[in-house]
Amino acid sequence: MANLAEWATHWQKDPRFSKNYTARLVEKACSLDSQLNNAYCAGTLKVIAGPHRKAGPGGGGDARWHMTLQPKANASCWHIILDNSVTRPVQVNKRERLGHSF
184 MANLAEWATH
194 WQKDPRFSKN
204 YTARLVEKAC
214 SLDSQLNNAY
224 CAGTLKVIAG
234 PHRKAGPGGG
244 GDARWHMTLQ
254 PKANASCWHI
264 ILDNSVTRPV
274 QVNKRERLGH
284 SF
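This note's numbering applies: residue 184 is where the sequence shown begins, and numbers increase by one.
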């Protein structure tokens, strides 16, 4: 299957995970959520960050293995939570905007 996702310039957060490997994880994630699959098929899905688990400064961020995807331009990013072996997505965590800026 041809990869239909767009890729952010600095998408690779962990050099152990190649673009091909990440693309396969994205395709697997599409089977978990119809909105994600629709965005992928429409060519609007963007890979913001490949597999990583680095928490942000001050305890922010997500310490679980995850990828960050954006379903369309100017949309909130979603975390795709991965299993501990980083071989399959297990959950789509949609982080919707609630009318305020981040």
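Mixed in with the good hints there might be a few duds.
Claimed, not checked - With a Cα cut of at most 30 Å, we get these calculated DSS-like pairs of lysine-lysine:
id, residue 1, residue 2
1, Lys229, Lys277
2, Lys196, Lys277
3, Lys277, Lys255
4, Lys237, Lys277
Calculated directly from the structure, the hints in this document are not laboratory data.
Hints versus structure:
For the suggested pair Lys229 and Lys277, the alpha carbons sit about 14 Å apart, so the restraint of at most 30 Å is met. Pair hint Lys196 plus Lys277 holds up; C-alpha atoms about 20 Å apart against a cutoff of 30 Å. Distance check on the hinted pair: Lys277 and Lys255 sit about 13 Å apart at the alpha-carbon level, within 30 Å; holds. Only pairs whose Cα atoms come within 30 Å are accepted, and Lys237 paired with Lys277 is accepted, the gap being roughly 19 Å.
Every hint, counting from the list given before, is met by this structure.
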